[in-house]
Amino acid sequence: MRHQVKGRKLSRTASHRKATMRALTAALVKEHRIVTTVAKAKELRRFVEPLITRAKEDTHHNRKEVFSSLQDKNIVTKLFTEVGPTCKDRPGGYTRVIRLGFRQGDGAEMAVIELVDYNDIQPEGKTTKKKRTRRAGKTNTPTSTAKEAPKTEAPVAEEEVAEEVVAEEAEVTAEAADESSEEETEEK
Amino acid sequence: MAHPKRKTSKARRDKRRSHHAIADVTLAKCSNCGALHKYHHACPECGYYRGRQVVNVAN
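The listed protein sequences derive, respectively, from chains Z and D. Per my numbering, residue 1 is the first one in the first sequence, and the count goes up by one each step. Per my numbering, residue 1001 is the first one in the second sequence, and the count goes up by one each step.
Hints are computed from structural coordinates only; laboratory data are not their basis. It is possible that some hints are incorrect.
[To be verified] Which chain Z residues face chain D? A few, computed with CB under 7 Å, are given here:
hint: 1; residue: Ile98
hint: 2; residue: Arg99
hint: 3; residue: Leu100
hint: 4; residue: Gly101
hint: 5; residue: Val112
[Said to hold, decoys possible] From the derived model, a few chain D residues whose C-beta atoms are all more than 12 Å from chain Z:
hint: 6; residue: Met1001
hint: 7; residue: Ala1002
hint: 8; residue: Arg1012
hint: 9; residue: His1019
hint: 10; residue: Lys1029
hint: 11; residue: Ser1031
Beta carbons are placed, not taken as given, at the ideal position from N, Cα and C, and that holds for glycine.
Can you make the complete structure from the sequences, with help from the hints?
Quick look at the structure:
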């Protein structure tokens, strides 16, 4: 009988397991999406989700309880100021685990674990990268012809304009970043 | 101690093994790119799962 046997040992001692969970939690809170093995991802749910539930209500007691699990004040701050409010309306189930297939080397099954409420942050950047692979394959001819056509009409003028625009944008964004860097970090 | 009276013939051995085959993996067609992927797994070709980009496959 396997009564009262919960969780995975992950071939670790208790302290090692605890440290692993802390490290994975820190990574997940920072990045909102991490790739790890399926076993660790599923075990991480058991560890993180109660902490996020705590983080939804920002009280001194809740912070102390979460800190006792994480032992990292930066992660605790991020959890309470950023992740907690974002997950406020969700009654549990803050994470999503999606299987990715088996790792070359040891054959471990890998998975993405992500915070459900941070849907749109990383997929956008990833979609642009994915479009590049598409161009190499299916839609190679139409995009290339469409790009080449306007360039041949006025190549020199367009390039100059583009450079100027890029330079201006870079300056503006740099200034804006300097001014609102503190605000942005708080928002994030 | 009890012992086998006869050597197991090739036919008998092979008949025993007739049920040892591993079943094929069930595959599904990716709704995004049409490639085959395992059920409940992200598509290895485009990184989509249930109509959403899940992982970057380009690198």
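key: Unmet hints by their number, sorted upward, for this structure   = none
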